[in-house]
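Student: As a plain string of letters, each chain reads:
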Amino acid sequence: MITHTHRPLRVVLYEGSGAIPLPSEARARVMAALLDKGYAVTRTGGGGAPAMMPHDERSLLVLGLFPEQKAPQIEDVTGLVKVEARDIAGLEVEEVVGLVEKSRGDTPMNEPGRWKPWFPVIDYTRCTNCMQCLSFCLFDVYGVSSDHKIQVQNNDNCKTNCPACSRVCPEVAIMFPKYQAGPINGDEVNPAEAGREKIKVDISSLLGGDIYSALKDRSAAAKSRFSKERSPDKALDERKKCLTKLVGDGFIPADVLASLPSPDEILRKAEQAKARAAAALAAQG
Amino acid sequence: MPESPPTLLYCRCAYAQVVPNGVKNEVLQGLCDSGASFESVSDLCEMAAHRDPRLTALAACGKLRIAACYPRAVKGLFQQAGAPLAEDVEILNMRTLTAPEVVGAMVQS
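Residue numbers (numbering that gives the first Met the number 0), protein chains in the order written: chain H, 0 to 284; chain S, 0 to 108.
No lab work stands behind these hints, which were simulated from the structure alone. Hints may be right or wrong, so weigh each one.
Unchecked claim - Below are the BS3-like pairs computed for lysine-lysine, each with C-alpha atoms no more than 30 angstroms apart in a straight line:
id, chain 1, residue 1, chain 2, residue 2
1, H, 69, H, 101
2, H, 148, H, 273
3, H, 69, S, 62
4, H, 36, H, 81
5, H, 101, H, 81
6, H, 36, S, 62
Claimed, not checked - Restraint ranges, calculated between C-beta atoms of paired labels, are given here:
id, chain 1, residue 1, chain 2, residue 2, range
7, H, 264, S, 61, 45 to 53 angstroms
8, S, 3, H, 254, 44 to 52 angstroms
9, S, 56, H, 74, 18 to 26 angstroms
The model shown is predicted, which means the values in this text are computed figures rather than measured ones. We treat Cβ as the ideally placed atom computed from N, Cα and C, and that holds for glycine.
Okay, chain H solo, but in the shape it has when bound (with noise of 0.2 angstroms):
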């Protein structure tokens, strides 16, 4: 599981008492340009409802603009929070951008473009906890919590663009935000979509029911046939024979197949999430 992250820096677009309105259309291209860098912008208006989400411990910095182009001395009553406010009058998009920047200074920030949020997200609210992702999964993506229930425990280890587990879901319980086409993408479920993923999911049995069992096999044959003629090249070939059928068929990318581990790790991995996902029904009563 990932869990750092770098927020270095709240930005906060000051409109409210004190200060002078934007201009439209500069306000919205300001703000649009801070979140297409990565920042999390806090507008803060005349009217209507405060935004409401608590400050974190790390910086602020307020940028509007202020009478005589001067900009608040500010502090945080509890110390505990740096605040900076800035005057940006006459200054461009990309020169507010850059104050933004030389105030984040050298602390690293997760950036747009540098990576895609790409991970599977669970609709508890259809899943049965059959443990088939567990199964299916070659990178460890899932895990199993402490009472036995499937979760997303390894987003790191997901390959991007790659929904195959959310096609071998019998609920189609298993989303990815950024997937284009429904109801991968989150989009409702209507029974005839999950019809058309169960056939989706048929395509493995075309491998004797388990693409595993299928490699298991084939590796086993190749073994007592060929044990001398075994190696990692052909198992390699093997394998990709199986998979190939399935990246035709759109049901994981190319370059997913490319990163695949090795056979006998494959198999390994397969042995492991199965007993994982066996011990879990189990307990499950």
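For this one, chain H is given, so just place chain S on it according to the hints.
Tutor: Positioned in the frame of chain H, the structure of chain S alone reads:
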């Protein structure tokens, strides 16, 4: 005693362009022009991936209206980040609704 107004949250979906640019720009413009105070984040998926504690803060802030994507996905993201949303949270889907529909629902009293 009047009911306290909801917290408004706008997701930019900046890490992947699955929300139409025109819609998300228009929604942002509409929220800005409404005069309302609101929170905006670069990408809820990115925050959920990192188990961002601010999701917990948002989920706990009472009445909440979110302009993002599919409600099922948004609820799942918050839940997976350990910050389940209350039942009455309103989620407006910028992947399927028009910008005026989203803005209208967000800023309605």
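Student: All hints are to be evaluated individually against the structure, with a verdict given for each.
Tutor: Hint check results:
no.: 1; hint: H:69 <-> H:101; verdict: holds (19 angstroms)
no.: 2; hint: H:148 <-> H:273; verdict: holds (15 angstroms)
no.: 3; hint: H:69 <-> S:62; verdict: violated (36 angstroms)
no.: 4; hint: H:36 <-> H:81; verdict: holds (21 angstroms)
no.: 5; hint: H:101 <-> H:81; verdict: holds (15 angstroms)
no.: 6; hint: H:36 <-> S:62; verdict: holds (28 angstroms)
no.: 7; hint: H:264 <-> S:61: 45 to 53 angstroms; verdict: holds (49 angstroms)
no.: 8; hint: S:3 <-> H:254: 44 to 52 angstroms; verdict: holds (49 angstroms)
no.: 9; hint: S:56 <-> H:74: 18 to 26 angstroms; verdict: holds (22 angstroms)
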